[in-house]
Amino acid sequence: MSAMQRKKRTEAFLLGNEAVAEGALLAGCTFFAGYPITPSTEIMEVMARRLPHVENGVFLQMEDEIASAGAIIGASLAGRKAMTATSGPGFSLMQEQIGYACMTETPLVIVNVMRGGSSTGLPTSPGQGDVQQARWGAHGDHPIIVFSASDVRECLEMAITAFNYAEKYRTPVILLLDEITAHTREKIEIPRPGEFEVLSRLLPTMPPEWYKPYEETVRGVPPMPPIGTGYRFHVTGLTHDPLGFPTSRPDEVKAVTERMFRKIDRFFHDIQIVDHDLTEDCDTLVIAYGSVARSARLAVRQAREAGVKAGLLSLKTLFPFPRPQVEKLLRTCKLVLVPEMNMGQISREVKRVNSGITTIRTLNRVDGQIITPSQILKEIA
Amino acid sequence: MAEVTQLIHQYLRHNKKFPLVFCPGCGIGIVLGSLVRSVHALDIPKDDMVVVAGIGCSGRIAAYVDFNTVHATHGRALTLATGIKMASPHLRVLTVMGDGDALSIGGNHLIHAARRNIGVTALVVNNFIYGMTGGQCSPTTPFGSYTHTSPQGQMEKSFDVVEMARAAGANGVYRGSVFHAKALDGLVQRAMSRPGFNLVEVMTPCFTQYGRGNRFRSPVEMFQWLKDTMTPREVYEKLEDKTGKLPMGVFVEHDEPGLEQRHAAMRQALADKGGAGS
Ligand SMILES: Cc1ncc(C[n+]2csc(CCOP(=O)(O)OP(=O)(O)O)c2C)c(N)n1
Ligand code: SF4
Ligand SMILES: [Mg+2]
Chain R
1 MSAMQRKKRT EAFLLGNEAV AEGALLAGCT FFAGYPITPS TEIMEVMARR LPHVENGVFL
61 QMEDEIASAG AIIGASLAGR KAMTATSGPG FSLMQEQIGY ACMTETPLVI VNVMRGGSST
121 GLPTSPGQGD VQQARWGAHG DHPIIVFSAS DVRECLEMAI TAFNYAEKYR TPVILLLDEI
181 TAHTREKIEI PRPGEFEVLS RLLPTMPPEW YKPYEETVRG VPPMPPIGTG YRFHVTGLTH
241 DPLGFPTSRP DEVKAVTERM FRKIDRFFHD IQIVDHDLTE DCDTLVIAYG SVARSARLAV
301 RQAREAGVKA GLLSLKTLFP FPRPQVEKLL RTCKLVLVPE MNMGQISREV KRVNSGITTI
361 RTLNRVDGQI ITPSQILKEI A
Chain D
382 MAEVTQLIHQ YLRHNKKFPL VFCPGCGIGI VLGSLVRSVH ALDIPKDDMV VVAGIGCSGR
442 IAAYVDFNTV HATHGRALTL ATGIKMASPH LRVLTVMGDG DALSIGGNHL IHAARRNIGV
502 TALVVNNFIY GMTGGQCSPT TPFGSYTHTS PQGQMEKSFD VVEMARAAGA NGVYRGSVFH
562 AKALDGLVQR AMSRPGFNLV EVMTPCFTQY GRGNRFRSPV EMFQWLKDTM TPREVYEKLE
622 DKTGKLPMGV FVEHDEPGLE QRHAAMRQAL ADKGGAGS
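Protein chains in written order, with our numbering: chain R, 1 to 381; chain D, 382 to 659.
Note that these hints are calculated values from the structure, not bench results. Errors might be hidden in some of the hints.
[Stated by the list, open to error] Here are the computed lysine to any residue pairs in the SDA-like style, where the Cα-Cα straight-line distance is at most 20 Å:
#: 1; chain 1: R; residue 1: Lys212; chain 2: D; residue 2: Lys398
#: 2; chain 1: D; residue 1: Lys398; chain 2: R; residue 2: Asp241
#: 3; chain 1: D; residue 1: Lys427; chain 2: R; residue 2: Leu243
#: 4; chain 1: D; residue 1: Lys538; chain 2: D; residue 2: Leu627
#: 5; chain 1: D; residue 1: Lys654; chain 2: R; residue 2: His53
#: 6; chain 1: D; residue 1: Lys626; chain 2: D; residue 2: Pro613
#: 7; chain 1: D; residue 1: Lys427; chain 2: R; residue 2: Gly230
#: 8; chain 1: R; residue 1: Lys212; chain 2: D; residue 2: Lys626
#: 9; chain 1: D; residue 1: Lys398; chain 2: R; residue 2: Thr247
#: 10; chain 1: D; residue 1: Lys397; chain 2: R; residue 2: Val253
#: 11; chain 1: D; residue 1: Lys398; chain 2: R; residue 2: Glu215
#: 12; chain 1: D; residue 1: Lys427; chain 2: R; residue 2: Pro207
#: 13; chain 1: R; residue 1: Lys263; chain 2: R; residue 2: Pro204
#: 14; chain 1: D; residue 1: Lys398; chain 2: R; residue 2: Lys263
#: 15; chain 1: D; residue 1: Lys427; chain 2: R; residue 2: Thr247
[To be verified] Between beta-carbon pairs, the in silico distance windows are:
#: 16; chain 1: D; residue 1: Pro426; chain 2: R; residue 2: Ser119; range: 20 to 28 Å
#: 17; chain 1: D; residue 1: Lys654; chain 2: R; residue 2: Thr257; range: 47 to 55 Å
#: 18; chain 1: R; residue 1: Pro324; chain 2: D; residue 2: Gln391; range: 53 to 61 Å
#: 19; chain 1: R; residue 1: Glu55; chain 2: D; residue 2: Asp428; range: 18 to 26 Å
#: 20; chain 1: D; residue 1: Ser574; chain 2: R; residue 2: Arg219; range: 54 to 62 Å
Just so you know, these numbers come straight off a predicted model, no measurement behind them. Glycine residues also receive a C-beta, built at the ideal position from the N, C-alpha and C atoms.
Start from the sequences, fold in the hints, and give me the full structure.
Below, the structure written as structure tokens:
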């Protein structure tokens with residue numbers, strides 16, 4: 001599409017997957033590497049068509065998902081905003097590389113369009129079984145940000161947000177969709193450049209000889225120059241000192257690990273994004289994310305019509321888990337329902353926050369089918 | 382000698398904690414030296430030089446040299462190198478991988494890097510063994526050799542890196558040895574100055590984990606073995622009896638453009654057409 005058309009076009013009829021690609025391009029993504037897998041492939045195909053038209057845009061189909069993750073890490077180290085997209089089996093393969101990106105504090109966006117089931121599972125059906133994997137899939141203690149989206153507009157918005165947060169906090173960001181959201185086609189507004197925030201990583205301002213790639217800073221997020229701009233330093237997945245060199249000195253190991261957690265912890269209020277729907281006066285709460293949040297939106301309205309004071313807290317940020325927002329509502333609600341297309345992955349987090357405050361009920365669907373509004377309604381009204 | 386030392390110091394990091402992690406008698410230091418001499422000879426600015434290393438003893442080279450250095454995950458150096466080169470084609474990207482790193486866990490990436498002809502120089506440091514993990518057999522451990530995981534002698538055949546890289550489509554394929562350091566410098570420089578994917582297999586002794594278990598009495602004996610075994614390709618091909626000999630030198634040289642050059646040409650062609658199409 002030419003620059004002219006782009007400026008004029010404000011509405012588009014897009015799949016969730018296409019909206020993710022659109023959002024990524026708006027956020028400044030110029031590098032995509034991936035490996036085909038249902039139900040994420042449209043993201044890759046849009047990037048293959050579009051990136052050659054973007055200045056210095058690079059699209060690569062790699063030999064597998066490990067290579068895809070490796071290529072975007074390399075591109076990010078070279079200063080690019082880079083993304084890959086996959087589904088469960090590919091996401092499992094990427095985990096070591098994701099851990100490496102956490103350890104080296106390399107900004108990345110990884111989209112996982114969740115299918116049903118474990119292993120090859122249900123490639124064309126929805127599921128939400130990768131939620132805890134997104135948080136803890138890579139070995140070792142590490143902080144990470146996990147977002148979700150429930151409709152096509154949110155796919156675009158959260159793709160932009162994912163890039164912004166990856167850059168702002170020097171971290172991989174996982175964007176979890178489910179097959180329904182990814183394959184729903186809706187008309188949405190495409191924002192124009194300038195109508196939304198675009199953030200880029202902090203660059204060093206000091207001369208190269210003063211630069212320390214993993215220095216303690218007030219924000220906990222050290223600046224990051226692109227490779228080849230005069231700041232020569234060492235990047236390693238080994239636990240490293242502030243200069244980036246391997247260390248096993250207990251004080252240095254402790255310091256770098258704690259800083260990595262702190263850089264995310266300190267900004268919980270910024271990172272934990274939720275949507276409130278009729279929660280001001282509710283005594284019956286639904287906590288949901290992804291396509292289930294969409295069903296819940298309708299169910300909560302129907303419950304209100306039936307005289308139940310129902311509300312919905314829909315989670316856009318899954319991790320760091322939005323504890324304060326959840327806890328506040330647990331205190332005022334007599335019943336909380338957590339419907340999910342898994343055996344109970346976010347409900348674990350809700351129960352952990354709850355510790356006896358109120359009644360938590362779960363609704364788990366694992367037959368590859370959508371959770372319908374009436375299913376939710378039955379539980380709350 | 383003093384000159385050589387001076388040159389090396391010009392390229393070593395002063396803020397890195399020394400000494401080197403390598404065992405006495407290890408050949409990896411010579412690979413490091415060859416890399417530094419080659420960068421110097423080719424007059425590549427330090428800022429343009431990127432070394433991406435895998436995991437293993439050989440991968441530790443990266444931390445010592447004063448370039449942009451990346452110590453990747455085991456087997457994946459070429460995947461990061463591909464991302465860096467495609468993102469910033471003006472950089473000179475070189476990977477250092479062990480035999481296990483490049484051919485076992487990273488074997489798939491190696492053949493695809495060669496097939497795509499990405500503009501990266503790959504040094505494969507072949508010591509016939511998993512050095513860092515303490516002496517287990519690798520895909521290049523010779524048939525019958527003893528390692529901790531082949532106590533009855535290796536039952537499997539070994540890879541020929543040169544033939545594999547050739548078959549996968551590498552632009553340049555070379556083999557050298559750390560005993561023949563001057564010749565090695567020549568090969569590394571040649572590999573680094575050409576377009577596309579160029580691979581240099583470097584034969585190097587690991588006395589600690591391989592030699593001791595296979596009837597070598599000292600690192601010196603292993604260097605002697607390299608001296609007796611490694612034969613210039615031209616000489617090797619004329620030998621009637623090739624037993625106990627391995628050819629070294631230049632094996633493949635094509636002049637196809639690197640992947641990053643093909644992408645640049647494709648983008649230019651699109652821009653010339655007015656960047657249309659969606
Ligand atoms: C995914 C993964 N598996 C295993 C290891 C353990 N490991 C570290 S180095 C190495 C092998 C090293 O052998 P080679 O690549 O030949 O390098 P060398 O030490 O001989 O130079 C292994 C298996 C690892 N770091 N990561
Ligand atoms: S174990 Fe072998 S390869 Fe590793 S440093 Fe020692 S001699 Fe070199
Ligand atoms: Mg080895």
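Hint check results:
In summary, the hint linking Lys212/R to Lys398/D is supported, as the alpha carbons are separated by about 15 Å, within the 20 Å threshold. A hinted pair counts as satisfied when its Cα atoms are at most 20 Å apart, and Lys398/D with Asp241/R qualifies at roughly 11 Å. A hinted pair counts as satisfied when its Cα atoms are at most 20 Å apart, and Lys427/D with Leu243/R qualifies at roughly 18 Å. For the hint linking Lys538/D to Leu627/D, the alpha-carbon distance of about 16 Å falls within 20 Å, and the restraint holds.
For the hint linking Lys654/D to His53/R, the alpha-carbon distance of about 11 Å falls within 20 Å, and the restraint holds. For a cut-off of 20 Å, the pair hint linking Lys626/D to Pro613/D stands: about 10 Å separates their Cα positions. Restraint check for Lys427/D and Gly230/R: the C-alpha separation of about 8 Å stays at or below 20 Å, so the hint holds. Restraint check: the Cα-Cα separation between Lys212/R and Lys626/D comes to about 49 Å, which exceeds 20 Å; the hinted pair is violated.
In summary, the hint linking Lys398/D to Thr247/R is supported, as the alpha carbons are separated by about 10 Å, within the 20 Å threshold. For the hint linking Lys397/D to Val253/R, the alpha-carbon distance of about 17 Å falls within 20 Å, and the restraint holds. Straight-line distance between C-alpha atoms of Lys398/D and Glu215/R comes to about 17 Å, which keeps the hinted pair within the 20 Å bound. About 16 Å separates the Cα atoms of Lys427/D and Pro207/R, which keeps this hinted pair within 20 Å; it holds.
Distance hint between Lys263/R and Pro204/R is fulfilled; the C-alpha atoms sit about 17 Å from each other, no more than 20 Å. Between Lys398/D and Lys263/R, the direct Cα distance comes to roughly 28 Å. Violation of the 20 Å bound is thereby established for this hinted pair. For the proposed pair Lys427/D and Thr247/R, the alpha carbon gap of about 24 Å is over 20 Å, so the pair is violated. In this structure the hint that Pro426/D and Ser119/R lie 20 to 28 Å apart at CB is violated, the actual value being about 49 Å.
Taking 47 to 55 Å as the suggested C-beta distance range, the pair Lys654/D and Thr257/R conforms, at roughly 52 Å. In this structure the hint that Pro324/R and Gln391/D lie 53 to 61 Å apart at CB holds, the actual value being about 55 Å. Glu55/R and Asp428/D have their C-beta atoms about 23 Å apart, which keeps the hinted 18 to 26 Å range intact. With their beta carbons about 43 Å apart, Ser574/D and Arg219/R fall outside the hinted range of 54 to 62 Å.
When held up to the earlier numbered hints, the structure conflicts with 8, 14, 15, 16 and 20 and fits the remainder.
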